[in-house]
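Trainee: As a plain string of letters, each chain reads:
Protein chains: 2
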Amino acid sequence: MHCKDLESVCILGLGLLGGSLGMAVNRVWPNVRRLGYSHRAVTRQRALEAGTVDEVFEDLTKAVANADMVVLASPIGTFANIMQEMADHLRPGCIVTDVGSTKVLVTRWAKQYLKGAEFLGSHPMAGSEQRGVDFARADLFEDAACIITPTAKTQQSTCELLDEFWTALGMRVSRMSPAVHDKTLARISHLPHVLAAALVNMSDAEELLLCGKGFLDTTRIASGPAGVWHDILMTNADNTDRAIGKLIDELQRVRVVLQNDDGKKLTGMLERARVKRDDLVAKKLRRKELPA
Amino acid sequence: MHCKDLESVCILGLGLLGGSLGMAVNRVWPNVRRLGYSHRAVTRQRALEAGTVDEVFEDLTKAVANADMVVLASPIGTFANIMQEMADHLRPGCIVTDVGSTKVLVTRWAKQYLKGAEFLGSHPMAGSEQRGVDFARADLFEDAACIITPTAKTQQSTCELLDEFWTALGMRVSRMSPAVHDKTLARISHLPHVLAAALVNMSDAEELLLCGKGFLDTTRIASGPAGVWHDILMTNADNTDRAIGKLIDELQRVRVVLQNDDGKKLTGMLERARVKRDDLVAKKLRRKELPA
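Chains A and B are the protein sequences, given in the same order. In this text, residue positions in the first sequence follow my numbering: the first is 1, and each later residue adds one. In this text, residue positions in the second sequence follow my numbering: the first is 1, and each later residue adds one.
In isolation and in its complexed conformation, chain A is listed as follows:
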């Protein structure tokens, strides 16, 4: 199957990611019918009004029944139940994917609950600290990275379909195993989130009123939805724990430098970080992953 053969896509969960996905699909493939599910009536209504999908369902099993592709776009903590509920209602040949931020457990659940339906995990790395269908935008996925996480059992044609799908939506697609994905994301995404929350929590609220833009930027992601991040961290707890441990080691090295009044070493650390981050930003600019 190729994307041009898709007649309908079903999106389960119509928040920022699900809503934006519906809009983006419509822009690229205006003939694809977009079916949407949310357990909340008000979300279904807003999703329809905002044009994110063509039709909404209160009943999950009816939503998926006629879809060529099903995308789970609700918080990860809901996935196991959703998979169990929909397994008997998928059309033969239906491809199931998701937009969750962790992959090992999700892939395991799919194997356990989807009764042989073809599943391949996706992690489109788009979004913001905003939530809800009201923030949905057709260009959310453009110029961002997407990781698909095949296993040894994934069909090659499924990899190709999802690669084509996310690429058509403007994403830079790469592939890695669920295990490598989760280990990597713990370091570049889940750890920074824990850190931002810890930094806010350890600070005195009165004191914080004096803070500058630096503090606000460093902690921006702490304003993300607690429920979504609970699910991410709980389904990647071991890797996140290890990443925190690694950061603590790094911080202890800084403490030793400060305690030893070792200015030369401190400059080295700061300069290394500056150069490394500036290189990263330059590369992202060249790839157009950042606005110029």
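Keep in mind that the hints were calculated from the coordinates and are not lab data. Hints may contain errors.
Copies of the same chain are indistinguishable here, so a pair counts whether it falls within one copy or spans any two.
[Said to hold, decoys possible] Lysine-lysine pairs mimicking BS3-like chemistry, simulated, CA-CA at most 30 Å apart:
#: 1; residue 1: 4; residue 2: 115
#: 2; residue 1: 115; residue 2: 183
#: 3; residue 1: 111; residue 2: 153
#: 4; residue 1: 183; residue 2: 4
#: 5; residue 1: 264; residue 2: 111
#: 6; residue 1: 115; residue 2: 288
#: 7; residue 1: 264; residue 2: 183
#: 8; residue 1: 246; residue 2: 276
#: 9; residue 1: 276; residue 2: 4
#: 10; residue 1: 264; residue 2: 246
#: 11; residue 1: 62; residue 2: 153
#: 12; residue 1: 246; residue 2: 284
Starting from the known structure of chain A, fit chain B onto it as the hints suggest.
Mentor: Coordinates of chain B only, in the frame set by chain A:
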């Protein structure tokens, strides 16, 4: 003395802060003569061309000789030498201040080196990760906080003058002792910087190419100039060390929660951080310290 009586202000160091200060002073008091010093010829030329000051000096002692107010705006590490060099050349009654990010050592140096000249530390909390006179702007200080740090010996009239000075430039001025200032800033500014650098340094450069906007925001301040931050951290090493220790304690609590699979407690932590940061942002918006 009141600001309206100022005839000349001398700015030592013509980078982002010094250059912006010159521009801001000119906007509020167009009749005040702005004298500038930089040890670099190219900076002196750019500072003049950009209209940040009216006159530049290669010789520090000549720069300060006719000034009613002298502002140290170079990296903190240069302050002790500058103070020693200028002490004998200050006009009687001249007020000396600075824009440095730490205050205990700076205040001690002033007492030690300025031979009785009136010094009162200032910390205008404006700036960015950019550096250099080319980024100077007249509105850099607007709607930002400024802390002045009097001691028991500071004259009341000096406090009033500097309060009036920074307020006229658009800042929200507060007062605290040098010791309280440094302890507070360690937590809300110096710790976040150490953290951003540590997060970048612990990460694999290849892996980082996959990072999203969250990581880039969390680490933005790590792109700040290493030399400036070396001086800040080295002159506030004890407080920064303690702040890192406090953060490590907070991170260890998160690890315990992850290791115990305690989802309820994790949600509590994340939600507490989210509410606290959102409150902070709301307050900053009300105070117009953030763009609406």
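Trainee: If a hint holds in the structure, say so; if it doesn't, say that too.
Mentor: So, going through the hints one by one against the coordinates:
1. 4 <-> 115: within (27 Å within a copy, 81 Å between copies)
2. 115 <-> 183: Within one copy only: 27 Å inside, 59 Å across.
3. 111 <-> 153: within (10 Å within a copy, 73 Å between copies)
4. 183 <-> 4: Result: close neither inside a copy nor across copies, 34 Å intra and 61 Å inter.
5. 264 <-> 111: So residue 264 and residue 111 pass the 30 Å test across copies only (27 Å; inside, 53 Å).
6. 115 <-> 288: neither (40 Å within a copy, 56 Å between copies)
7. 264 <-> 183: Between copies, since 24 Å is at most 30 Å while 33 Å is not.
8. 246 <-> 276: both (18 Å within a copy, 27 Å between copies)
9. 276 <-> 4: Classified as neither; 41 Å inside a copy, 47 Å across copies.
10. 264 <-> 246: both (23 Å within a copy, 25 Å between copies)
11. 62 <-> 153: within (28 Å within a copy, 78 Å between copies)
12. 246 <-> 284: Answer is within; shortest intra-copy Cα gap is 25 Å, inter-copy 34 Å.
Violation of the numbered hints given earlier is confined to hints 4, 6, 9; the remaining hints are satisfied by the structure.
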